[in-house]
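Assemble chain B onto chain A, guided by the hints.
Protein chains in written order, with the working numbering: chain A, 1 to 630; chain B, 1 to 693.
Treat the hints loosely; a few may be bogus.
So these bits of chain A aren't anywhere near chain B, every CB distance computed over 10 Å [claimed, not checked]:
no.	residue
1	K29
2	E75
3	P568
4	N591
5	S621
To spell it out: a stretch of chain A is covered by chain B in this simulated footprint if at least three of its residues, at any positions, have a beta carbon under 8 Å from a beta carbon of chain B; those stretches are [to be verified]:
no.	segment
6	245-251
7	452-461
8	536-545
Just so you know, the hints here were simulated from the structure itself, not pulled from any lab data.
Quick reminder that beta carbons are idealized off the backbone N, C-alpha and C, glycines included.
One-letter residues, chain by chain:
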Amino acid sequence: MNYSPSSCGLFGILRKEDSDKIKGSKVAKSLDIIKYRGSDKGSGYASFNLNHNNYYSIKTFYRGSEEELRHIFTEKNMETLDCVVEDFGNIKSYCFNISLDNINHIDEINDDLWLNNNGRVYSIGKSLNVFKGVGYPLDVAEQYNIYDKYADMWLAHTRQPTNSPGNYPYWSHPFSSFDIAIVHNGDISSFGSNREYLKSLGIKSFVGTDSEVIAYLFRELLKKFDITDTVKILSNSIDDPEIKYKYRGSVLDGPYTLIISYEDNDDLYMVCLTDNTKLRPVILGEDEHNYYIASEENQIRLINENANVWSMEPGSYFIASMKRGIISSGRQGISESTTYNPEKYDIDAFAIDYNKLDQSILNTDKDHVIVKNVFGHRYIGMEFPDKGKKLDLYGYCGNCLMNLNINNYVNVYGNVADDCCDGMIGGKVKIHGNAGDVLAQAFQNGSIYVNGSVGNRAGLQMRAYTNFKPYLIINGGFDDYLGEYMSGGIIVSFSNTDQLMGKYIGSGMIGGKIIIRGKINKNRIGIQTDMFMNKNILKSLYNESLIDRKFYSKMKDKNIVDILENMPEEGKIYTDKLFNKHEIPFYEYRNLNKNEQGELRDIIKDFDIEMGTDNMKYLHSKFTIITAGK
Amino acid sequence: MNNIMDNFISIPKQKEAEFWNINKIEHIRYLSNYGKPFKIFSDEDGLRILDRIKFRGHGDNINDSPIADTSVDFLGLKMSVPIYLGDMSFGALSGNPNIAIANAADISKTLAGTGEGGILPEIKNLKRIFVQWASARFGVDYYSINSGSGVVIKIGQGAKPGIGGHLPGTKVTGKISQARRIPENIEAISPAPHHDIYSIEDLSQRIEALKIITKKPVFVKVAATNYIPYIVTGIARSGASGVIIDGQGAGTGATPEVIRDNLGIPIEMAVASSHDILIKEHLRNNFKIIAAGRVSNSTDAAKLYALGADMVSMGTGILIAMGCVMVKKCNLGYCPTALTNKLGTNKIFDIEFGVNNIVNFIKGFRLELANILENLNLSSISELIGRKDLLYSDGISKNTSNVLNINSVNGGNTYYKQSEFEYNTKYLNELINRGEIPITSMGSNSPPDVSLPSRIIDWLRIDGAQVTRPSIDPYRENIDTTFYLGKGKIKISMPVIFDISNSTDEIKNAISWASQFTGTMVIDNKKTEKYRNVTLVKHNGIYKWNDVIYSVDRGNNDVSGYVIEDASFNELYISELDKKLKEEGHRYERDIIPVIEHFKNSGDIIKYIAIGADAIILPSKIFEIGLGNNHSNLNLKALNLLLTIKKEIALISGAMGVSNVQYSLSGNRELLRGINLDNDIENIIGITEAGSL
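Just chain A, same shape as in the assembly (with noise of 0.2 Å):
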């Protein structure tokens, strides 16, 4: 076994410098409210605590006695001072604490232990302690009693293994490494090529999993460089390419979302960084006492129902420290979140399962149901899609609502989670806040109204057939890939601020059209060459007299869909091999015609009065208009 891919469910808070410390419990909870995306295969958390002690405590899995572990240490000279055991029937922890100069050997350590398959250090810090083992959220919590600890900063993973060698806690999160701790959701494709690297640094005993080399990597950036530049790294977003080339090995690619807490300089970081499609969920959250990471924002709710949360941006990262407050903010242009309370309900959702909420809502009998509390349930409408009902959503909705909706009507008050409406072919969904990922995926038919922001890939093939036309009308912004792979319907967009723009918008549509307020940057539809690509073109048709001196100067600098459409025809036979069709959509700047009014005018009115907006007023203003490539 050399690999163990798995899914899970995160948690990380911080405090803030003048807050109090913060309960076990509160963060036990906040993981066990998302455990249908763990199991009962680990769980794990780590507390933060800064001191000043001058020692480390270093804890360790092992199936032998306190007496052979003392002396594989001592061997090592390092002298161990008290000794705290746990026991967990087929393996023991033991905690020993070691004076800060002797602790140059842990890894060491760690290869003899794991090659003889006898145990693992798995925490070290001045600050730090992991607690980890085999079960679901509450019972880790409560075989180590977490409930009733207190920490600066917490971090807390639950675990879902594709595989689970044995009942051991060594593949549990958080992952650590002097005062580094790690919980990661996803599967590192890079993994191979980054064990490589660790290994030629010397490191040579892995568990296997990947966070376990995030761990390791983290630690070593963190050696030469400073925290941004660390994350950078990582995450593939730094520019010099002399750092791109040394440090190839300790780039991370394939979906991630991380959370990484460190002290430094007598100060605790809270880090979060994801691949840069932002390929698994993460919600990113504040109040007046904490900062928050979390996989669903149920959790940040379930502390603070009005904590300010939002969505991370594609290709960015968030950091915060206790003493420096948020150093990245993981967003560009936040806006504050709004809570919603209805005056009267039909059913409090609050102590209801996260998949059972349409059978309350059948239980009612009714056909306008209104629900309050409603806490990250999950296939919401599923069981009803052709009942013709209409229901009030007061909360988070979680993942999958209104999928195949044939006629109900929703109303969301709140933000709505990923893979909303995916296929639905009738009916209207109104949301109050934000939308997730994948918002309308496949979406054929009737309305979907979006007063806050969406994430990546809304309106995802969105198909119009027959007599089926879908409309997909947004407030505000949206992160990438927006109508991906469309062939019919129509997006409208009303947000006019770059920074609330993903990239990549109509990337292989065939059909359709997306409607931006205001003009775009024609870089961020599509995919494009990139800059040094455009310039080989350019140089090369140059070298060939394809093109004068004058168009070269000139587009040097441009995005390829400005070079080609002004690429004279002898060119042109040599740059149509760079697509295949439906890379790039086609980009207009000008105002509706008098179709497209028409088509819209009563649908902007309706959502106007839905949500209370005013884009009536721009009917008549200009907008970029985004169709299939030619």
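This is chain B only, laid out in the frame that chain A set:
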């Protein structure tokens, strides 16, 4: 006038090694004609691992009315024989064959999968079908998803792991547009991944959602790739009723050749190891394994049952029963047997002919299976499933038989079974003249399963992303093929550099120009003014570009890296040098750049990078071979070659779920698997056997 296809047509001559050879086709035709058993224990001298797996001491009697029981209860559905008629969509097939298959499943008491093309009105009341939920959601709504006996979430298929589907607009006629619920005359694209499934936890969510909406069994179809045992346990834990595992070499209506011939692992390895891990994890009860990919006769099926499959799936076999002659032109829409042709052409497939043939074929197949059971002294098929003790392997490597977990004889070295290297002229020609990624159809004939390997990398297969991470569509999403070399001073848009030193000036110019356009470099004895910025000059074993210097001499420590001259078994040398430089602590400041004379396709590049190369050097001879005698438009042709190689690198990377080739792939042996490769070689390179944990 319509031309009704209601008879077999003659089988064209087969010029090369074919998996579906004349014997196999004629066996199927016999069963389809007569519905009687024909041949059992038909262990041909094939190269597949499955061909080298045999039953211990068995009789050879064959009679027309065996009494052994082949029926099974499949999730409450009584099946006459555990056969699944596999997932061929309306659109890939021309409609009437789809109707024939669904009806034949009903009559023969088996089960048919609809594929992702939605459901034709003619079959919507038939119950022995599994409806597919695929990445494009074709034909899916509340009612259609509820119309069969179960739902299949299609993640991937063996012929193209990690690649989405594509139906050209000309094939999307009125009837297909209605069945798929998509606009007419516009091409139908299936995204490479499900964009709601980027992990096992996401898959669990979709399984749960589909169970809520249908209250029916949910299956997950995946291609057999590197992590198949983990993926299958993940699927079992997610509440699915079973998995359809599709092995390498499985049939398809259209696939990029370079994907089909390089990605995925054999079904026998995948089934054997998935079965074992499910037992170990206490997940095997009430979970079904359906094995697909190159099930060509009852003997194949019997071996797969014994290795752990509850059911086998057949696609190509069923097409052959309906008259397919393997001309492999499904993607073009001009099928001579009217099975896969475009709607509206004047050839029409006769439904009755199809139904009769499939029913007969299944009957004959079932009777052969019953004969096999009797010869094994078993009275029913349930006594055969998972009976690895009845099997042994003959002449395969130790690592391979360990994965299979069966006894072996004559194990040991396998590498000597090699053939001479031959260039794939047709492929190179297509790259150069068309400048598009070659698309083909039906199963592969590539090594090591059908034709003999000629290089070590022919025994290696590339991973395809299935469930644990999403595959990436290179035409719609960003895949970075840029490589940094020479301490960061060299930036090339792909890890391929042509050595043009042995070519004429006209070839040199064309490749230099195309390399500049593409953003990569060339190697020559001297540099020209025009291409001085993209030329590495080689002289006496030294390659130089500005102050970046490569040497062929490994003893030279004062360089940016090493050019490894071509030699057979170079894979071993490259891999060892990679490891050695890592041990010495110099790996991340020096490059390893091998010369690859024996270049078959772009899959080679990926494999070399994964075993330790930082870029590869191709001789310009490859361009000349693909050109043939026609030297017109050389610049365009050179550009076609380079850009298409670049596109193929991106395509494969995307299928692997890799968005940055250099970062993910360099030295990443984890993304490769060995297929019955000599164990010493596997150990030296650091390759894991296909199907292992």
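Do the hints match the structure? See the list:
The Cβ of K29(A) lies farther than 10 Å from every Cβ of chain B, with a closest approach of about 20 Å, so its non-interface assignment holds. The beta carbon of E75(A) is kept farther than 10 Å from every beta carbon of chain B, the shortest such distance being approximately 25 Å. Distance to chain B confirms P568(A) as a non-interface residue, since its nearest Cβ pair spans about 16 Å, more than 10 Å. With a least CB separation of 27 Å from chain B, N591(A) remains clear of the 10 Å interface cut-off, as annotated.
The claim that S621(A) lies off the interface holds: its Cβ sits roughly 30 Å from the closest Cβ of chain B, which is beyond the 10 Å cut-off. Check on the segment 245-251 of chain A: 6 of its residues sit with their Cβ under 8 Å from a Cβ of chain B, so the three-residue criterion for coverage holds. Remark: the segment 452-461 of chain A is confirmed as covered by chain B, as 3 of its residues place a Cβ nearer than 8 Å to a Cβ of that chain, reaching the required three. For the segment 536-545 of chain A, the proposed coverage by chain B is satisfied: 7 residues have a C-beta within less than 8 Å of a C-beta in that chain, meeting the threshold of three.
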